[in-house]
Amino acid sequence: MLKTLFAIVWQSALLWLVFRLGTFLVQALHVALPGNVAGMLLMFLLLVTGIVKPAHIEVAGGFLLKHFAFFFIPISVGLMAFGPLVRQSGVALLAILVVAAAVGVLVTGLAVQALNGRSPR
Amino acid sequence: MKLVIFAVCVAATLASYLATRALFMRFRQPLLNPVFLSTLVIIAALKATGATLADYQPAKEAMTFLLGPATVALALPLYNNRQVLKSQALPVLAGVLSGSLATIAAVLWAGWVAGFARGILISLGPKSVTVPIAVEIARLSGGEPPLTAAFVVATGMIGSILGPALLTALRVKDPVARGLALGTVSHGQGTAVALLEGETAGAMGGVAMALAAVFTALVAPYYLPLLLP
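Here the protein sequences line up with chains A and B, keeping their order. So for the first sequence, the working numbering puts the first residue at 1; every next one is plus one. So for the second sequence, the working numbering puts the first residue at 1001; every next one is plus one.
Hints listed in this document are in silico derivations from the structure and should not be mistaken for laboratory results. Ideal Cβ placement from N, Cα and C applies to all residues, glycine included. One or more of the hints may lead you astray.
Here's a subset of chain B near chain A, in silico, CB distances under 7 angstroms, partners left out [unchecked claim]: (1) Pro1069; (2) Pro1091; (3) Gly1163; (4) Leu1167.
Derived Cβ-Cβ restraints for the label pairs, each shown as a range [claimed, not checked]: (5) A/Ala95 <-> B/Pro1145: 22 to 32 angstroms; (6) B/Pro1146 <-> A/Ala13: 31 to 41 angstroms; (7) B/Ala1165 <-> A/Ala13: 30 to 40 angstroms; (8) B/Met1001 <-> A/Ala95: 11 to 21 angstroms; (9) B/Lys1002 <-> A/Ala114: 23 to 33 angstroms; (10) A/Ala95 <-> B/Gly1142: 19 to 29 angstroms.
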């Protein structure tokens, strides 16, 4: 138990370090990419090259990914600030976003499935 | 007093998350999406107690501190699925790119039909991309960043509720296709739902979220003016 907790802490620190590095690189190189996504790509490179082993991050990584949805609750609460806009044209905006989401899901889902169906596995 | 508010906000959010997650895991209904339900609960609780968003802000900062490291951790399922990525590079690229272009065109068209002003249409454009990039695209294109942030969060929720049901109705069973569709349309929130479906779907959600962000940022300066009235 204590050992797991210890692993979560130091592995999170490693993940945080790569996140900060990603953020720094994006700003320094003026790349149109959020720091967290850059950090993810950077960590992928570190894993592929074997500099970081999966065992170095899998305890904290597994825990954070298991509860990935949690982080979007405090962010979504921010929607509260748009009360007036929602009251005025919320239904129209909701309809627009629903249509656009459905189109995107449909196109990507069917395109990938169609292309995969044809390629030999 | 501030410390008490902070502690109550964190405790309420955690409790709400754990309860709604248990509910979702038990019944597996898209409308029982933990983010959707918990957001309703927290907003209702804030309104009922007369608290404002400013009161919740410190708790939000603390609770989202690990979102960056968690996104970096997506490299792990990505790495474990690197063979899938390699053998299906074309479907992955083509799927994410076509979905990104389609959802942008659809949102602009629907917004135009509904009669929204140009400023709102531009703010709607990057709604499927993760917040930090979407806000930047909106700013550079002449939209309103806070509005875009709200549209991004709303889309995240809509896609993660409707997406799985729609994919099932379309008989899309391939976890690669499901993960890519959810990540392309609903960024991190779609990826979170994909992760609940399984490791492969989750990894593909992360891939799609990254690709869609890069791709949308690259094409937006040319694509948005092309489609706008």
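Is the interface hint satisfied for proline 1091 of chain B? The criterion is a beta-carbon contact with chain A at less than 7 angstroms.
This interface hint holds because 4 angstroms falls under the 7 angstroms limit.
Is it true that lysine 1002 of chain B and alanine 114 of chain A lie within 23 to 33 angstroms of each other by Cβ?
violated, 55 angstroms
Using the Cβ atoms, figure out if proline 1146 of chain B sits within 31 to 41 angstroms of alanine 13 of chain A.
For proline 1146 of chain B and alanine 13 of chain A the Cβ distance comes to about 32 angstroms; the hint holds.
CB of methionine 1001 of chain B to CB of alanine 95 of chain A, is that within 11 to 21 angstroms?
violated, 42 angstroms
If you take the shortest Cβ to Cβ gap from glycine 1163 of chain B to chain A, is it below 7 angstroms?
holds, 5 angstroms
Under the criterion of a CB-CB separation shorter than 7 angstroms, is leucine 1167 of chain B in contact with chain A as hinted?
Holds - the Cβ of leucine 1167 of chain B comes within 7 angstroms of chain A, reaching about 5 angstroms at its closest.
Minimum beta-carbon distance criterion (7 angstroms), proline 1069 of chain B to chain A:
Check passed: Cβ of proline 1069 of chain B comes within 4 angstroms of chain A, closer than 7 angstroms.
Could you check the hint for me, namely that alanine 1165 of chain B and alanine 13 of chain A are 30 to 40 angstroms apart, CB to CB?
Hint holds: Cβ distance 39 angstroms, inside 30 to 40 angstroms.
Range hint compliance [Cβ, alanine 95 of chain A to glycine 1142 of chain B, 19 to 29 angstroms]:
holds, 24 angstroms
Per the hint of 22 to 32 angstroms, is the separation of the Cβ atoms of alanine 95 of chain A and proline 1145 of chain B within bounds?
The hint (22 to 32 angstroms, Cβ to Cβ) holds, given that alanine 95 of chain A and proline 1145 of chain B are roughly 23 angstroms apart.
The earlier numbered hints that this structure contradicts are 8 and 9.
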